[in-house]
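> All chains, full assembly: derive it from the sequences and hints.
For the protein sequence lines, the chains are A and B, in the order given. Going from the first sequence to my numbering is simple: count from 1 and add 243. Going from the second sequence to my numbering is simple: count from 1 and add 243.
These aren't lab readings, by the way, just hints derived from the structure by calculation. Don't take every hint at face value.
All copies of an identical chain are treated as equivalent in the list; a pair is satisfied when it fits inside any one copy or across any two copies.
[Stated by the list, open to error] With a straight-line Cα cutoff of 27 Å, these simulated DSSO-like cross-link-like pairs (lysine-lysine) come out:
1. Lys-352 <-> Lys-424
2. Lys-371 <-> Lys-485
3. Lys-478 <-> Lys-424
4. Lys-330 <-> Lys-559
5. Lys-315 <-> Lys-424
6. Lys-371 <-> Lys-412
There are 2 protein chains.
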Amino acid sequence: MIRIAVDTLGSDNGSKDIVSGILDFLKDHDDVEIYAVGKKEELTRLEGKCVIVDAPDIVPMEAGPLEVMRMKNSSMYQTVMLAKEGKVDAVVSSGSTGGFLSSSTLLLKTIPGVNRAAFIAPFPTKIKGHYVVILDIGASNENSPEELKQFALMGALYSEHILGIKDPKVYLLSNGTEPAKGSPVGKQAYKLLMSNPHFKGNIEARNALSGEADVIVTDGFTGNVFLKSSEGMAKMMAGFIKNAFKKNLWTMLGYLHVRKGIKEMSDTMDYKSTGGAMLLGVNGVVVKVHGNADAWSMYCAINVARKLVKSDIRTKIKEGI
Amino acid sequence: MIRIAVDTLGSDNGSKDIVSGILDFLKDHDDVEIYAVGKKEELTRLEGKCVIVDAPDIVPMEAGPLEVMRMKNSSMYQTVMLAKEGKVDAVVSSGSTGGFLSSSTLLLKTIPGVNRAAFIAPFPTKIKGHYVVILDIGASNENSPEELKQFALMGALYSEHILGIKDPKVYLLSNGTEPAKGSPVGKQAYKLLMSNPHFKGNIEARNALSGEADVIVTDGFTGNVFLKSSEGMAKMMAGFIKNAFKKNLWTMLGYLHVRKGIKEMSDTMDYKSTGGAMLLGVNGVVVKVHGNADAWSMYCAINVARKLVKSDIRTKIKEGI
Numbered sequence: 244m245i246r247i248a249v250d251t252l253g254s255d256n257g258s259k260d261i262v263s264g265i266l267d268f269l270k271d272h273d274d275v276e277i278y279a280v281g282k283k284e285e286l287t288r289l290e291g292k293c294v295i296v297d298a299p300d301i302v303p304m305e306a307g308p309l310e311v312m313r314m315k316n317s318s319m320y321q322t323v324m325l326a327k328e329g330k331v332d333a334v335v336s337s338g339s340t341g342g343f344l345s346s347s348t349l350l351l352k353t354i355p356g357v358n359r360a361a362f363i364a365p366f367p368t369k370i371k372g373h374y375v376v377i378l379d380i381g382a383s384n385e386n387s388p389e390e391l392k393q394f395a396l397m398g399a400l401y402s403e404h405i406l407g408i409k410d411p412k413v414y415l416l417s418n419g420t421e422p423a424k425g426s427p428v429g430k431q432a433y434k435l436l437m438s439n440p441h442f443k444g445n446i447e448a449r450n451a452l453s454g455e456a457d458v459i460v461t462d463g464f465t466g467n468v469f470l471k472s473s474e475g476m477a478k479m480m481a482g483f484i485k486n487a488f489k490k491n492l493w494t495m496l497g498y499l500h501v502r503k504g505i506k507e508m509s510d511t512m513d514y515k516s517t518g519g520a521m522l523l524g525v526n527g528v529v530v531k532v533h534g535n536a537d538a539w540s541m542y543c544a545i546n547v548a549r550k551l552v553k554s555d556i557r558t559k560i561k562e563g564i
Numbered sequence: 244m245i246r247i248a249v250d251t252l253g254s255d256n257g258s259k260d261i262v263s264g265i266l267d268f269l270k271d272h273d274d275v276e277i278y279a280v281g282k283k284e285e286l287t288r289l290e291g292k293c294v295i296v297d298a299p300d301i302v303p304m305e306a307g308p309l310e311v312m313r314m315k316n317s318s319m320y321q322t323v324m325l326a327k328e329g330k331v332d333a334v335v336s337s338g339s340t341g342g343f344l345s346s347s348t349l350l351l352k353t354i355p356g357v358n359r360a361a362f363i364a365p366f367p368t369k370i371k372g373h374y375v376v377i378l379d380i381g382a383s384n385e386n387s388p389e390e391l392k393q394f395a396l397m398g399a400l401y402s403e404h405i406l407g408i409k410d411p412k413v414y415l416l417s418n419g420t421e422p423a424k425g426s427p428v429g430k431q432a433y434k435l436l437m438s439n440p441h442f443k444g445n446i447e448a449r450n451a452l453s454g455e456a457d458v459i460v461t462d463g464f465t466g467n468v469f470l471k472s473s474e475g476m477a478k479m480m481a482g483f484i485k486n487a488f489k490k491n492l493w494t495m496l497g498y499l500h501v502r503k504g505i506k507e508m509s510d511t512m513d514y515k516s517t518g519g520a521m522l523l524g525v526n527g528v529v530v531k532v533h534g535n536a537d538a539w540s541m542y543c544a545i546n547v548a549r550k551l552v553k554s555d556i557r558t559k560i561k562e563g564i
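Put into structure tokens, the structure is as follows:
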């Protein structure tokens with residue numbers, strides 16, 4: 244039995260959708276036991292189906308690392324503690340990203356040999372059904388060349404064992420494709436990466452989602468800028484498209500004809516169905532869901548946590564490092 | 244009379260569109276003299292209207308700094324030399340970005356007091372007609388906190404004198420809005436920037452194009468990743484939209500109803516009409532046009548060069564530093 248703790252608080256939409264996601268997930272899977280952590284009175288629908296842990300405090304979105312560690316009665320702290328105490332195999336939260344990453348890192352510690360944990364997420368690409376994983380997208384503000392080398396290893400393991408990509412192609416995010424391109428840290432990392440058989444060289448941000456790469460390695464600051472500029476541009480264009488259809492009755496009629504295509508586009512771009520982002524390199528399986536998680540994204544995230552536990556990625560990382 | 248040298252080679256589309264752009268520009272402006280540099284036989288339409296400089300070699304797209312400096316007969320080298328020798332006030336090229344930036348920096352040198360030149364470009368925002376300038380988007384691979392401070396000053400001058408924004412709001416690109424966020428260099432830059440009255444704090448990449456910022460400062464590596472990830476995502480979404488309309492006769496009919504709106508969106512997103520990117524901080528006005536420049540983008544770029552000369556931004560930077 245795989246045991247997964249789910250933080251039911253801290254989501255933008257409250258706990259209702261999260262509870263629905265847990266119920267949907269349990270309907271389809273009988274190999275998982277869920278520990279639901281949050282306000283007891285909001286979890287009545289889960290009674291008899293989950294282990295319920297009452298921890299009513301909510302970690303604020305902008306919480307710093309020390310703040311979370313002090314909030315012992317928070318759903319987030321209690322969720323991570325369940326993993327630390329060995330009561331669960333994985334933790335899932337849609338609460339404060341900073342709070343969740345820092346409490347997970349501080350409480351679970353990194354796997355022996357891993358210098359730093361990396362925040363990793365699958366991104367949709369131009370090729371339908373193909374995802375590229377990018378790490379670190381923001382666990383750190385800076386990384387050493389050696390850390391980037393470890394990220395390449397962890398990213399390839401994720402790509403192989405969770406996304407099922409055989410012999411994943413690993414690239415380094417850079418400002419040009421030539422080996423001499425890159426930030427000072429990137430250039431040094433390039434040299435270290437040459438010993439990795441999966442490594443294919445530098446890739447520019449404009450080709451990151453083209454589908455050629457399976458794994459892209461970057462420092463946490465740059466990865467965060469990549470993530471957020473892609474997100475910003477996608478939102479801006481989605482807004483323009485909506486406006487284009489709102490002009491008059493004719494354009495609204497036009498919308499009826501293309502809405503299926505637009506729905507398909509949104510689905511391809513939907514970060515929710517990718518199951519969130521993971522903190523790799525810590526002693527435990529840590530999955531972060533987007534702040535506006537709905538039942539479906541929670542379902543997917545719990546499923547990713549389940550897959551990560553089943554694949555025993557932690558042991559694979561330990562052996563690989 | 245403002246004298247502008249235009250490199251007519253190195254564009255993806257050949258010199259024909261560039262020549263058309265020059266002709267269109269000259270029709271509307273009588274205060275500019277153009278030096279057209281390139282293959283003489285391709286410039287016959289300009290005879291009697293421009294000073295024609297025969298320099299038939301083309302700098303390859305992937306040229307390194309030393310390579311350009313050796314290609315004395317190239318249109319790019321000759322164009323920049325005209326500025327170095329004081330024969331023109333500004334230079335415009337759509338050729339190799341790396342080659343153009345490096346030859347301009349090496350030949351023209353930075354303005355006394357300026358540590359490093361910055362590559363700056365205006366980006367369209369959610370607010371129609373409002374542009375945010377971002378620098379450095381790739382002249383350097385790394386920058387010191389002091390350099391970022393100078394970029395803030397140069398960016399504000401550009402925003403004020405070229406885009407006509409009074410009291411421009413300057414932000415630092417970061418991975419969070421709190422002052423403690425950022426890369427190690429960014430955090431130090433934040434402290435130096437506090438003395439700049441235009442400085443409003445950190446901004447995340449997802450809000451860079453929201454319209455709240457007039458100037459965004461970043462190091463060249465991160466700025467380049469921002470530029471290219473925004474570009475990549477915009478292209479990917481544009482591709483999805485086109486596919487949505489191609490499904491069947493009904494969706495193609497739908498397109499007829501929204502094409503005006505989509506045209507408006509493309510216009511807002513059109514980097515061509517923004518007049519390209521500029522190298523600020525060197526002894527001269529240097530304007531880079533996108534590699535697939537058409538007549539209209541060349542027209543706009545020459546006009547930006549004209550405005551930069553007229554506003555005497557070089558003296559303003561010198562005084563500001």
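> Now look at each hint and say whether the structure bears it out.
Results of checking the hints against the structure:
| no. | hint | result |
| --- | --- | --- |
| 1 | Lys-352 <-> Lys-424 | between (34 Å within a copy, 23 Å between copies) |
| 2 | Lys-371 <-> Lys-485 | both (23 Å within a copy, 15 Å between copies) |
| 3 | Lys-478 <-> Lys-424 | between (30 Å within a copy, 24 Å between copies) |
| 4 | Lys-330 <-> Lys-559 | within (21 Å within a copy, 65 Å between copies) |
| 5 | Lys-315 <-> Lys-424 | between (46 Å within a copy, 25 Å between copies) |
| 6 | Lys-371 <-> Lys-412 | within (17 Å within a copy, 40 Å between copies) |
Comparing the model with each numbered hint stated earlier shows that all of them hold.
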